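Let chain R serve as the given structure and place chain H on it in line with the hints.
Listed in order, the protein sequences are those of chains R and H.
Our numbering applies: residue 1 is where the first sequence begins, and numbers increase by one.
Our numbering applies: residue 1 is where the second sequence begins, and numbers increase by one.
Hints should not be assumed to be uniformly reliable.
Said to hold, decoys possible - Subject to a maximum C-alpha distance of 25 Å in a straight line, what follows is the list of computed DSS-like cross-link-like pairs (lysine-lysine): (1) H:K170 to R:K76; (2) R:K168 to H:K353; (3) H:K379 to H:K60; (4) R:K255 to H:K477; (5) H:K283 to H:K142; (6) R:K76 to H:K171; (7) H:K471 to R:K255; (8) H:K488 to R:K261; (9) H:K521 to R:K168; (10) R:K107 to H:K386; (11) R:K109 to H:K170.
Simulated from the structure, these hints should not be mistaken for lab results.
The model shown is predicted, which means the values in this text are computed figures rather than measured ones.
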Amino acid sequence: MTETFYEVLRRQGITRRSFLKFCSLTATSLGLGSAAAPRIAHALETKARTPVIWLHGLECTCCSESFIRSAHPLTKDVVLSMLSLDYDDTLMAAAGHQAEAIIEEVKKKYKGNYIVAVEGNPPLNEDGMFCIHGGRPFVEVLKETCADAKAIISWGACASYGCVQAAKPNPTRATPVHKVISGKPIINVPGCPPIAEVMTGVVTYMLTFDRIPELDRQGRPKMFYGQRIHDKCYRRGHFDAGQFAEAWDDEGSRKGHCLYKMGCKGPTTYNACSSMRWNGGVSWPVQSGHGCIGCSEEGFWDKGSFYDRVTDIKQFGVEANADTIGKAAAGTVGAAIAAHAAVSALARARNSNSHGQPEKEGENQ
Amino acid sequence: MAAYETQGFKLDNSGKRVVVDPVCRIEGHLRVEVNLDDKNVIRNAVSTGTMWRGLEVILKGRDPRDAWAFTERICGVCTGTHALTSVRAVEDALKIQIPENANSIRNIMQLNLQVHDHLVHFYHLHALDWVDVVSALKADPKATSALAQSISSWPLSSPGYFRDIQNRLKKFVESGQLGPFMNGYWGNPAYKLPPEANLMAVAHYLEALDFQKEIVKVHTIFGGKNPHPNWLVGGVPCAINMEGAGAVGAVNMERLNLVKSIIDRSIEFTEQVYIPDLIAIAKFYKGWLHGGGLSSKNVMSYGDIPDKANDYSAGNLLLPRGAIINGDLSKVHEIDLKDPEQIQEYVNHSWYKYPDESKGLHPFDGVTEPSFVLGPNTKGSKTNIKELDEGGKYSWIKAPRWRGHAMEVGPLARYIIGYAQNNPEFKEPVDALLKELDVPVTALFSTLGRTAARGLECQWAGRKMSYFFDKLMTNLKAGDLNTANIEKWEPSTWPKEAMGAGFTEAPRGALGHWIRIKDTKIDNYQCVVPTTWNGGPRDHKGQIGAFEAALMDTPVAKADEPLEILRTLHSFDPCLACSTHVMSPDGQEMTSVKVR
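Bound-form chain R, shown alone (with noise of 0.2 Å):
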């Protein structure tokens, strides 16, 4: 269980020779030249796994629920060969002040090299102490576990927005990951919760190119929050021909005809749901006849009923106004800038030589 990542791909059926080619790649993409390629594969075949940190604040665990859902890569492979899961208080043997000792081991030991992934949010009301662990405000250890991390992945609607616990009114002021925390890159992997898949995509994705996925303007990775659920949707046929489920359990709902009328938040929700389904691809909620709720777009629990239908429109000419709404909630997200530069921040700490990969903005708006 404790392969490098080299014995990890040989066991995934993967050929030394493909993966010196990878490591050849990696090294042209990277702008290191075919001299580097060999550095490379030593790394890989040697380097240690790198330690995450994994915390909990206000939250309610369907996030790391569904971490362990992965399909693939198997959340065994990902906690026990890809990375090292160092502190994470779902899982780990160890609790009190055994369980502490080891965050401030790692930030020693690891020091910039270190991923805190954040499920929740820290309340600040209080002095903090909605949330306390080891008889102190979640805020300040997620502070101090922080500023030695080399990424943030903040999970979920909670980390990346707030979610149901700072819905209208937020009695605790629960706190977003990202407005507590500064100078450091922050991918934001929201829903309530994320796919497995997508969850395991990101990590993986970190690990194999040593650097955080192009990101939108809200800080979620475009490779899997790029797309519209409606513009995937299987049900848009249905849409298209204006064929709508108009009351639970009807005939249009036998049919799967599209739940725009049912308050379906597809059209203004970005998410990789339509695509990749959930649970291995088994079925999603619109396939499962449940409107989308929209639950990785911020503040989604204040946005009306999950039943009101996103805008008023009549039956016929619903295309024009669903893609009104739908080109301004994409405006947001094409007039924005990937943070490019925090993209490529990974690998310019780690190789003064390197630089990150050429631009590729607008293709998916």
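Below, chain H without anything else, positioned relative to chain R:
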């Protein structure tokens, strides 16, 4: 208040204080403090919920049909059970009847949660309290194989299989990067398993991690995703279409076949891996029967899994309903969630305040006003607590009581009540297990009993999924495809004011939601959840809660390694995000919360 007696326990906080914070391998944030006497026996226990989110305040003024989604986010581990409780509360308030198919599908989903949650709890949250991972390195793979094959027909049991697992484990340990196993209490004398049993358990830890993701696919089929599938007031959101055009867009024969296959595989894994492991482990720990706490005294279950739709009376519920008090198993008391005299919450030792704290309040009339005040004997400061003062307020959890009694809830409570009712579905498996382990019935009242009851219930729930699947198919064959009742979907059909209560048996125990609806919006919402019952603090009389009681009088092998404390706490499967919540009854804003 150095020493006093309550509920048959002698509390004495004069000895060495040991603090465990955070308690890991649970949902949410929990702290526990104990005092040890000079023989390292626990003589005082203090359980503290260390988080508060205020979800019920947030629900005020919202559409009752949305409440399931908010309350579902109380907990992502027991995902779905709050949502089900919520739609039941709304349906009770608005007098909505659901179709039989919806009842069967809801039951399959709820039982599916029980199976998944119990399995993950046993292997991933609890096993490391019994299993020494490092000791597995010393195991003989051949002997491990012989052990595995002697207790089960599960095919992954060859010497080569266990040798491979051991080799991977060996390389893992030698790397020095121990990941989640770092700083565990390996080698602690409280571990009792031989190396072979440890190796077998480590192999199954990994297998269970792979398999658990399959179980939840039942939620994905009916609810679209897991965690946090979708639910519906009035039924279930998935439509059924067995033969018409467009059937591929609904629940159809292929989807149902997938559900059936997952149910069968879940039963197989539970019966061939989980139960044999549980028995094998229990045989080595049957001399360690600490941790009974309140289980031999006061236990409670609301009951769940209605056989026929819309009948929530005890006779129609397949999980037992009732309360046992003062250890009198001859009398199972009836429970009424709406009776103001039965369920009441106290805040004398919780970080909330009441106008009159000498009285408890029923959830329909509950008051929650946060008041983060520490007792005078607290050590440390307000934002750097070293030791809490249990004489003052010390937890974000309230103290609920049933007719004034602290109660234990959960799988063990359900099995004790089923046993007391002579219900063969619960009594027979318990008697068989006791016989196999050669222990008396009183052995049930222990940490091990709690863990065993959970395993038996996992097996029961798997078989009951099968029962409701058959029931669903029978109904479909009879031509009934209905999954939702929309007569009262539109708020214009609702009365001006309504109130209702909904309940389930969550994996961790009795769960209730209480709702008041006014002018089509939520006027008041309150939840009393399993870990509020189990993990709550002392009340106005100084009575301790179930966690605290269970820790009492347990000897600890090494004071600086809280293995026995974790073992007993984990046997409850604590869920702290669930237990800490709040409501403002008359809808007032939370004026006492500081807003900066």
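Q: Could you tell me which of the numbered hints above are not met by this structure, giving the numbers in increasing order?
A: 3
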